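Student: One letter stands for each residue in the lines below.
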Amino acid sequence: MAAVDYVEATRLYPGTPKPAVDKLNLSVADGELLVLVGPSGSGKSTALRMLAGLEPLDAGRILIGGDDVSSVRPRERDIAMVFQSYALYPNLDVAQNMGFALKQQGVSKEERGKRVRDVAKILDLEPYLDRKPRNLSGGQRQRVAMGRAIVRQPRVYLMDEPLSNLDAKLRVQTRAELVELQKRLAVTTVYVTHDQVEAMTMGHRVAVLRDGELQQVEAPSTLYHEPANQFVAGFIGSPAMNMLPVAVDRSIKIAGAEIRIGAAVVGEAATVGFRPETVVIGDDGPFPARIRLVEDLGSEVFVHLIIDHEGEERRIVAKVDPPFAGKTDENVRFMLRGKVHLFDAAEARRATVTL
Amino acid sequence: MTDAERRGTKLGIGERRSVVIGVGVLAWLVGLLWIFPVAWTVLTSFKTEDDAAAQTLHHGLSFGRYSDIGHSTQGTLSLQSAFTNSLVVVLVSTTIVMLLALPAAYALAIRPIHKWRDVLFFFISTKFLPIVASIFPIYVYAEKWNLIGTRTVLIILYIAINLPLAIWMLRSFFKEIPRELIEAAEIDGTNLYNQLRTVILPIAAPGIAATALLCVIFAWNEYFYALQLNFASASTMPQWVTSNVSTRGNFLAKLSAASVIACLPVVIAGWATQKRMIRGLSMGALK
Chain D
809 MAAVDYVEAT RLYPGTPKPA VDKLNLSVAD GELLVLVGPS GSGKSTALRM
859 LAGLEPLDAG RILIGGDDVS SVRPRERDIA MVFQSYALYP NLDVAQNMGF
909 ALKQQGVSKE ERGKRVRDVA KILDLEPYLD RKPRNLSGGQ RQRVAMGRAI
959 VRQPRVYLMD EPLSNLDAKL RVQTRAELVE LQKRLAVTTV YVTHDQVEAM
1009 TMGHRVAVLR DGELQQVEAP STLYHEPANQ FVAGFIGSPA MNMLPVAVDR
1059 SIKIAGAEIR IGAAVVGEAA TVGFRPETVV IGDDGPFPAR IRLVEDLGSE
1109 VFVHLIIDHE GEERRIVAKV DPPFAGKTDE NVRFMLRGKV HLFDAAEARR
1159 ATVTL
Chain C
4 MTDAERRGTK LGIGERRSVV IGVGVLAWLV GLLWIFPVAW TVLTSFKTED
54 DAAAQTLHHG LSFGRYSDIG HSTQGTLSLQ SAFTNSLVVV LVSTTIVMLL
104 ALPAAYALAI RPIHKWRDVL FFFISTKFLP IVASIFPIYV YAEKWNLIGT
154 RTVLIILYIA INLPLAIWML RSFFKEIPRE LIEAAEIDGT NLYNQLRTVI
204 LPIAAPGIAA TALLCVIFAW NEYFYALQLN FASASTMPQW VTSNVSTRGN
254 FLAKLSAASV IACLPVVIAG WATQKRMIRG LSMGALK
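As they're listed, the protein sequences go chains D and C.
Anchor point for the first sequence: position 151 equals 959 in my numbering, and the numbering is continuous, going up by one each time.
Anchor point for the second sequence: position 252 equals 255 in my numbering, and the numbering is continuous, going up by one each time.
Bear in mind the hints are in silico, worked out from the structure with no lab data behind them.
Just to be clear, a hint being listed does not mean it is correct.
[Stated by the list, open to error] Cross-link-like lysine-lysine pairs, in silico, BS3-like; alpha carbons within 25 Å at most:
1) K991/D with K929/D
2) K922/D with K940/D
3) K826/D with K130/C
4) K929/D with K940/D
5) K911/D with K940/D
6) K940/D with K118/C
7) K130/C with K178/C
8) K940/D with K278/C
9) K922/D with K991/D
Small disclaimer: the values here were computed from a predicted structure and weren't measured.
All chains, please: the whole structure from these sequences, using the hints.
Tutor: Dropping the structure here:
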């Protein structure tokens, strides 16, 4: 077990103008589950592969347990990785797959067998130990890939979208199991995903990347309620935060109605952001809107609204509690109750007011 | 569509029965056309020379030609020595080709060097030259180094002929191995040797088998160099087949029997590795 530190870590793919990972500074505490999240091309997988030793560093350092491993081979880093495609050895059975790394380390056959069986028990893989990967279901393969990592008892687990090949139901279930398992094993884990729900539900802390640059590292709820910038605000949360361009002059106007927001950003073009749950539909609201679409999920209802904002039609989403009686093309009114964020022209969050 | 039509072979979307039947008949015709010369040769090999010359079966089937070709006159190439020569040349050249091609293909597929395209092109460019154009310089050197009439010269040439092809084939098979598997093996602590032995070679085994078989076939069937660089008395199977052409009397049945004998080892090898071979050749066709 060990902490992980990225220090100004940079990776520039040959022939590309911009680093895939640009001066990344990030510390993962011992035993922490840190999620790297971002859209495709954000550098999250590259950052993980740099930690694994599969990508060289063009600048900066990576430390595992305080040791600089920047130029250490993958096999000498004492890490275990779970790949998106699982990367199980097709010619080996489940037990051999799980014991493969131990065999390479020269662990005796008895010891190997014992450790494989112990982990197989945790993962419900005991009946399948002599099967080849091709004779397993997707969920079982995923567990074998997890098992292969766990058996090793490494200093760090690296997980590259390990759940993305599972169907939705199994993914949710496995997600919870994985969180429990990580807590029990207390091994430092770096987990890459593009799925912000996975990031929010699994991470002790979540690091948001964009174009190779770290945007923010915080606990999920902080990320959600106090996003550092417009990108994080828009990326975290589903449906996404509503964003409207505004001219700031001591107060801002949304759909013709005014909000006092103080003098954080004066005389600049800016963007105001508020989450769907702050949009409260009711007859006494100050803002007029028209219903575009109602998505009733049973437990919650997403109402897509069209508002007339500074002469333009804008779309926003409201999250309301069921039952909701409104229909498409009906005119309604809404108010904002909760946090409204103000982002400046450089997309940084400059002010937040609670209405 | 009538009920009778529905009961027949399942038709794919947009297929018409008449077209399907037409294509089937055409395929059979082409297939028969293809197999006819082979079948004719096999049949001829069981005739007497008189029947073979007359294209009849007057004397019924006879196995005499197979014992005829086993006996050779003094000073000519015997079946036994031709077979031994072929076997040695084919096995040694193929083994060396595979030993050289495997690491080369690994390097080109999995850890490509700078300008790997040029390297690949260079390999295939050695195939551009007509073999006939190369024989004169090769002959001169072979004579200078006392290699005329030896197995060694054929082994060297067959290595040179098959190596580019083997590297190209193996490279494409290695390319099919998911990169993540190799990375997983790397993280799991394998060194290069273990990585090759436990991960790459087992997965690429069908492709390796297919490549080796092709090398065997090419080397076994090679005629031109064997003819030019060997005395008739010390050559390989294709040479021996032609040695059954005689200037006196009929030889068609004997020649057919010799052809069948010469084909058999390759056919058997192909048959034995058929399953792997097809998987190897079609590896990468589907993902």
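Student: What hint numbers does the structure not satisfy?
Tutor: Result: hints 3 and 6 break, sorted rising.
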